[in-house]
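> Given next are the chains, with one letter for each unit.
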Amino acid sequence: MSDKMEFLDLMERAETQRQARRSFIRLCGGAAAMTGGLSLLAACDDDDDPPFPPPPPPGPGPSPTPPGLTDADVLNFALQLEYLEGNYYSYAVSGQGIPAALQTGTGAQGNVVTGTGPGAARQVSFTDPVLQQYAREIAFDEIGHITFLRNALGSAAVAQPVINLSGSATITVGNTTPVGAFTAAARAAGVVGPNAIFDPFASDENFLIGSYLLTDVGVSAYRGAARLITNKTFLEASAGILATECYHDGVIRAELWRRGLTAPSIYSVIAQVSAARDALDGTPDLDQDIGNASVANLIPTDPGGLVLGRTAPQVLNIVYLNPASTQGGGFFPTGVNGTIRSSGGP
Amino acid sequence: MPESEQPPVLHEARPARGADRRDFFKLAAAGAAVGFGAAGLAGRASAQTAPAAAPSDTDILNFALNLEYLEAQFYSFAAIGTGIPPALLPGTQTQGAAVGGRKANLQDPVVIQYAREIASDELAHVTTLRRVLGSAAVAQPALDISPQIFTAAAVAAGIDLSASGGVFDPYASDDNFLLAAYIFEDVGVTAYKGAAPLLSSPDNVDGAAGILAAEGFHAGIIRAALYRRGVEVPALWTATDQISALRNRLDGDVSSAGPPQRVANDDSGVSPVQTQFGLTANFVPTDSNGIVFSRNSEQVHNIAYLTQNAATSGGFFPNGTNNPNPALRRSGAN
Chain C
1 MSDKMEFLDL
11 MERAETQRQA
21 RRSFIRLCGG
31 AAAMTGGLSL
41 LAACDDDDDP
51 PFPPPPPPGP
61 GPSPTPPGLT
71 DADVLNFALQ
81 LEYLEGNYYS
91 YAVSGQGIPA
101 ALQTGTGAQG
111 NVVTGTGPGA
121 ARQVSFTDPV
131 LQQYAREIAF
141 DEIGHITFLR
151 NALGSAAVAQ
161 PVINLSGSAT
171 ITVGNTTPVG
181 AFTAAARAAG
191 VVGPNAIFDP
201 FASDENFLIG
211 SYLLTDVGVS
221 AYRGAARLIT
231 NKTFLEASAG
241 ILATECYHDG
251 VIRAELWRRG
261 LTAPSIYSVI
271 AQVSAARDAL
281 DGTPDLDQDI
291 GNASVANLIP
301 TDPGGLVLGR
311 TAPQVLNIVY
321 LNPASTQGGG
331 FFPTGVNGTI
341 RSSGGP
Chain H
1 MPESEQPPVL
11 HEARPARGAD
21 RRDFFKLAAA
31 GAAVGFGAAG
41 LAGRASAQTA
51 PAAAPSDTDI
61 LNFALNLEYL
71 EAQFYSFAAI
81 GTGIPPALLP
91 GTQTQGAAVG
101 GRKANLQDPV
111 VIQYAREIAS
121 DELAHVTTLR
131 RVLGSAAVAQ
141 PALDISPQIF
151 TAAAVAAGID
161 LSASGGVFDP
171 YASDDNFLLA
181 AYIFEDVGVT
191 AYKGAAPLLS
201 SPDNVDGAAG
211 ILAAEGFHAG
221 IIRAALYRRG
231 VEVPALWTAT
241 DQISALRNRL
251 DGDVSSAGPP
261 QRVANDDSGV
271 SPVQTQFGLT
281 ANFVPTDSNG
291 IVFSRNSEQV
301 HNIAYLTQNA
311 ATSGGFFPNG
321 TNNPNPALRR
331 SGAN
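If you read the sequences in order, they're chains C and H.
Residue numbering for the first sequence follows the working numbering, starting at 1 and increasing by one per position.
Residue numbering for the second sequence follows the working numbering, starting at 1 and increasing by one per position.
This is chain H alone, in the form it adopts within the complex (with noise of 0.2 Å):
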């Protein structure tokens, strides 16, 4: 956006770590503020600066379109053994192929459901964010969605694979089809959320909404039935929290007040938790507000790398996302 619309800082930096639900008590406890309480509607100007260079709307959507591809990807492969079609991959900048994928051995009819709704919906969401960004729509860039990458990925995250060989083969099974879809569908939310705030035209923001929503009922969908199957198999629960444990790790400690606003380990599995009403679930990852939390760009980059260094490539992106702003291909330096 422009310099002259960069909007006011009017919060205080949240509380460095762990500001999540587990610690909800710990807080609660002490006293301490938690989220914007202390600042209000009239809250005070932080010393936060301004990025260099913001990005322009069409970077952003360009950004997103990159995670789309991904998705819909994986997720048509998955439902259908076939990748998304041909039309729908060209742009700017360099056009790869998506390798590896193949159709999931799925055999729980609600899963099946799942696989097959949310593939529709991420295929519809890489038709619209091209259509809107037209002529300046990137093409999508190589992809790697094959096993070696989430074995590499479960690997990293320490999931015990002794009883498949050492491989974690997200096609192979019902719940290797949730945990992979796991991996890529809090990012998806986290990274628009982050976003929102940096798109200037109310109509981005408004469209960027109604993908963030449709991110957010996919995940509360995969994180629920990975929930419900975790009763009879907790090494389920045990994975999500793995994997969220990974991801807090490849995308940094670092917390700043934003916008967007970066935390440092909101992430967290479906493994129930103790509040004051009992035993309760875990299928929403937020912070003590009940607030989903926010990633930005080169968090999320660094989650899709498989890295906690700055890089421009890796892991589900063999040679990057495309984005003509250089600032949105790359990851942290973590």
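With the rest of the complex left out, here is chain C (with noise of 0.2 Å):
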């Protein structure tokens, strides 16, 4: 192939990325409302616009993170989160949760509900040596950003809530039987059918989908706390926590298109879980899938290569599988603690 001619097939796979990102196409329709932590409109236009131009007021859809928060306030969301990843992680690398000393704070403390039988949390048989040392990596990571966290909040840090960490049918949370997250989303998803159980600690795949599923979420959601962040010091160390987490979702999607070469259903399940995420956090669209054997999508960027952010209500819409407003569910049964604990939506 001559060099025009590459020079052209690059671009013609931008483009096919481009239609992938369809975010843009409806953000610079004018009609979507777009909410904080977001500068995608600038990229619909060649206007001398400042730097990253602010994002419009926002307008229906998702709401935007309340005004009046503080640092503190922001940091206990990420903690919240870095729980469920902690623990996530920490379970398929050991079959144990995060160190108890690390639990504790204000809020209602509460345990990891892992279920039972199939499905339960627990450690992942990892036939991959390779994929186990990066498991182990990223649990370490998790770890780390929750000490790191707890001692930067110290007596403000927020308790680890209830979470519900399974892929069983059904667990037990007080007087109630949920079916595990893992499960319901992924039945929500169509990845499987509305009886069967998803296991994300069954196979080195089927962890790779949970991580998938829990890793995105948490990119997403200290990106678009960034400009939230008013203290710069916490500002920098939340960019260095926000760099580690694109660190460990880069090497997840790559491990998962490099599978589907072989596999390549992953490629169906993957663009499954990505749309049910699309379909929970509101009108932007705000996920992307791994592309397909052709062409990969590893990295989730709008058209001018920035990486895509939520706002807070969005990123509980999805660890809530819920698309309303509400305070409670999915991945945290009763809930986050702390002062952002609402997710968006009418």
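Everything labelled a hint here was simulated from the structure, so no lab data went into it.
Model, not experiment: these values are computed from the prediction.
This list has only true hints and no planted wrong ones.
Among the chain C residues that face chain H by a calculated CB cut under 10 Å, a handful are:
| hint | residue |
| --- | --- |
| 1 | Ser90 |
| 2 | Phe140 |
| 3 | Asp141 |
| 4 | Arg227 |
| 5 | Leu228 |
| 6 | Leu235 |
| 7 | Ser238 |
| 8 | Leu298 |
Backbone N, C-alpha and C fix where the C-beta goes; we use that ideal spot for every residue, glycine too.
Could you fit the two chains together into a complex? Lean on the hints.
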């Protein structure tokens, strides 16, 4: 292929990714409301705007992050997500949750509900030692993030809430018997049938799918929160955690894509999970799958090459597995602790 | 940013050396405080003095644009054999050419996908930064992405080149391309992280976070690919360790709390480490809290210029980077 054709091919590829990144079209149509944390509209015009123009005022769609939040509020929200991720990876590599000393704080402290039988949170029997070594690194980092955030927050740190970390058909939380959150998510996405379970601890591949479900959300949460943090020391640290989450997510997405070459169903499963997250978090299209065997989409970016972000309420829509405004459900059956606890929606 | 907006400095300096993952147990065993823990949200101010002339957001975004020109050209040549479009090169100060790049001899379809997607993202970053900077955007400076410069970096790192006639050609193979990418990628991430607290506009913080995030994905993908390949070719692990050691040497031994934080020797290659979970990969270059570290603009220039000394050009930038603020064109004296 000539250089010129190669270049056209690259442009065509960029166009393909752009089409996958449907948010661009919808946003530039002007109808969709953007909420805080995103500057995507900057990509829609050629005006001589100041750097990264501010997002437009919030309109219909997911609620914006409420004003008046302190840095502690934002960091505590991040801590809630880290509890979820930290426990997921810790169970996967060791069969145990995070250390008890890292679970205390203000608010109602809860336990990790593992479930029993198929789908229960447990150590993954990895067949690929490299994947196991990746997973251990992620677990280590997530525990580091919890430790860091708790230290930074000091006595203001909120406790670990009740976490539904299960793929079991049903678990017990107080007087209720919800479906294991991974199974609930997989059913909603159509990855499994309405009566089947999804067990993220059953295999290398399932573990990666569960990782994709959670880690992509963590990235978008830190990305969306960056502009809300006023203290520059915490902003820098938060940028460092965001960076770490992106390394993790890049590896997870790349591993899934690589495996899809020999197990193509991975591409359709990931597309289903991505679509389900998009359906949960409101109008803007903020989610991307990993592409297919012909064209990888390992980095979920807008046309300007910026990774997509979510507001806190949009993040809660996903982890609560609920497109409506609510204060608990899904992975957090009794809600998260802290001042940011309501998902978006009407 | 205006002087009046100088943020308070709220935490104590990190341990001076080696607070990386490898030292985790040592620190934990000693009960040492790591990170910001001792200070907390209501921490005390340190004696840190404000920089004489704080760079403007425009200066910082132009600093980033120089790095994006370098990355975009390298990946564009490696992926498709041509540089980025000429329309993306003009701007203020002296425009230069990117020399020495060519299409890489990539064989592994996975690596080919990585190269093409990263090239596409870097092109977008150049486009985005130029658009937001408008007429203030600096031109692409002269860039040297030839095998000679990469060889100089590899020799400085102590990488064994005896099997390739003393030459490190980044375009010769999948492995060489990944190692060459390794030289850049982490540096871009640490540069954006170090720049984040210097930006004053929340919109710029937001945009920079989006680019930082993309660079983090790239770096994670490159490092993990080297990790996986290193299982069969351990020399790859060794080479990443050597490149990281070189970067640690170039960017100095000084630590300060910042922001931006400056660390001494947190860079580390991909070779596995031991954690409480057993043998563990090292595809993220972090401190003991699992947080990617920062570099300030001088440290970034030390690596880009391949020098420990104070300089205004060298290495990949034979005529230096372009920036209206001279402080953002120079490397530090380490």
